[in-house]
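Build out the structure end to end from the sequences listed, making use of the hints.
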Amino acid sequence: MNASAKSGGDVALSLAGVDKIYAPTAERPVHAVKALDLDVRKGEIVALLGSSGCGKTSTLRMIAGFEAVTRGSITLAGRRIEHLAPARRGVAMAFEGYSLYPPLTVRDNIAFALKGAKINARDADKAVREVAALVEIEPILDRYPSSISGGQQQRASLARALVRPADLYLLDEPMGQLEPRLRALLRGRLKQLLGERGMTSIFVTHDQTEANALADRVAVMEGGVLQQLANQTELKERPANLFVATFIGEPPMNVFDAKVEVGERVRFAVENGPRLDFSANEFSESARREIAKRARVVIGVRPHDLRLNSGSNEARVVSNQWLGDQSHLALDVAGKLMVAVAFSEMGASRRDNLRYDVPAAKLHVFDADDGKAVSHGAAAA
Amino acid sequence: MEHSSRAERVLRGVLITAILVFFLFPILWIFLMSFQTNEEVLRIPPSLFFKPTLINYASLITGKLQTAAGSLDLAFMLNLWNSVLLSTLSVALSLLLGVPAAYAFARFKFRGSEDIAFTLLSFRFAPPLLVLLPLSLYFQDIGLNDTYVGLIWVYQLIALPLILWIVRGYFEDISPDIEYAYRIAGHSWLQTFLRIAVPLARPGIAAAGLLAFIFCWNNFVFALILASADKQPVTVGALAFVTASGIQYGQIAAAIVLSITPTLALALYAQRYLVEGLSLGAVKG
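Sequence lines, in order, name chains A and B. Residues in the first sequence are numbered from 1 upward in steps of one, following our numbering. Residues in the second sequence are numbered from 1001 upward in steps of one, following our numbering.
Just so you know, these hints were derived from the structure itself, not from any lab. It cannot be assumed that every hint is accurate.
[Claimed, not checked] Using 20 Å as the maximum straight-line C-alpha spacing, the simulated DMTMM-like pairs for lysine to aspartate or glutamate come out as follows: (1) K115/A - D1177/B; (2) K1109/B - E67/A; (3) K1109/B - E27/A.
[Claimed, not checked] With the C-beta cut set under 10 Å, the calculated list includes, among others, these residues of chain B facing chain A: (4) S1004; (5) R1111; (6) W1189.
What you are looking at is a predicted structure, and each value in this text was computed from that prediction instead of being measured. Just so it is clear, CB atoms sit at the ideal spot from N, CA and C, and this is done for glycine as well.
See the structure below:
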């Protein structure tokens, strides 16, 4: 099992081979989480990022103890917790929706989380006021949940989770209902608080901006499978597979099916589209060897990595939008749209032909069958 | 509502009064009858003016029915006590069994859960008489015939499905996250059920309990067949007013007034919780 959890003292939470199957005896069981291995270091903030139904919330609920684990183990602070009741796991959780107890004021809702923590009344009150100030709900502390907005309820739920000492903080879409300005403000404060107090936390989000802004590492999930757990730079520069490559990044990575030949030169040919011709020494030996094993691959390049007005490939401009600080261009390439981002205003207008080039250092190559990364730039994946 | 014109307000008042008079008149008439002697009740044409008398209540409470043919013994107060006992204990037992069951059906999807819930509801589909005749034979065999225990058991057919299905809906309306938040703050499943789920569903429990109580109280046929005189509730006991010397309308009216009093009192008491449920608000997700 997890040798890392035993030896490495810095691992706070460890999931090993965790499966979640809903209605296993039914005709169509739902395999929500598949063989999930996940280590979270002490004091680390990890984001579970994915679209709805990807298994991220199921994972959070299994850690909290609201869903039974079908297979596998969960270790928190050196204790196996997958069979413990939620109350005995030492975790705190903030909820996305309506989770405040209606007969209590916001203040009492936050304070009841402290009841079990054996703190005297004055310290408890101070802790409640501090955390309320952090999430900007001081003025509504004495209101009842039914009389405050969804965003305020969400912040109160967040405050209730943060006020309590715990080995792990689970935040389920903690800022989903907030307006953008407040969200940006709270992100900063939350990051500071979690960092200062070394609070190990996992939060679920479908918003990659939020994941990038708040997390130390991001776990990208899809179809119940952990696709990649890495920091933001690595996710962008070394995506583990086609899913991560196209999911992370805004606008998403451009990908094309291509034939490949490796010899003196490395040539990629997109059907009815561009040919990319690189000198062999632009790729490492291992990258060349990996690419050469395949006749067909998927190549990808991020929109802002395209070099415009250079090289020999040409494409027709479909649209050109200046956003005030960057241009988004859509180019017609091999019957598909290829998006390019430039950080200066581009003069090209619709139907103009524009030259572009893909630098070898920015080219991502994926296996055509399983989508696994083959090489990123010069290096093998 | 604030924008209605004067004419609309007047019309609304008139209509509400008309409806209230229509529905409440029989009750008012019974109330008046209870203070009249049988002769006054039966005179033609009927009149709203009479000399009120307490003789009907007196004969019910003393258990001596004075008729033209002489004095008859009445077990009305015993019947009333039986009604209170049977209805209260039946509803209490139903709440004890039904509320946790409703919670289980609302929160946990286990194999066959829907089938079990529907089976419990289907108890209410069966015509009571069809069930009762074989049941009375079994009850005689196992010694439950003419016992409070046997009656309370059979009354579960009335009360349990009602409580189960009404309360289940209320539990389903409570966001599970409220309970999760409480559990993760260091409380057990049982504490969460007792301190969070049950108080939040209290308006539903009160409504279901009240309805179940009324249905139990008004039940006639179960007790008619399964109980003898000393275990009979008021509904069956009222048959005694049909005597050899005629129907005792005055006493019947008084008996009705006395027998709706407990339910009325309970309804007024439970109303507090029903209204509290409405003002609680925003429990729904």
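Hint check:
This hinted pair checks out: K115/A and D1177/B have alpha carbons roughly 19 Å apart, not beyond 20 Å. Simply put, K1109/B and E67/A have alpha-carbon atoms about 12 Å apart, close enough for the 20 Å limit, and the pair holds. Distance check on the hinted pair: K1109/B and E27/A sit about 15 Å apart at the alpha-carbon level, within 20 Å; holds. With a cut of 10 Å, the hint placing S1004/B at the interface with chain A is violated, because the nearest CB-to-CB distance is about 28 Å.
The restraint placing R1111/B at the interface with chain A holds, with a minimum CB-CB distance near 6 Å, inside the 10 Å limit. For W1189/B, the interface hint holds, since its Cβ comes within 10 Å of a Cβ in chain A; the closest pair sits about 7 Å apart.
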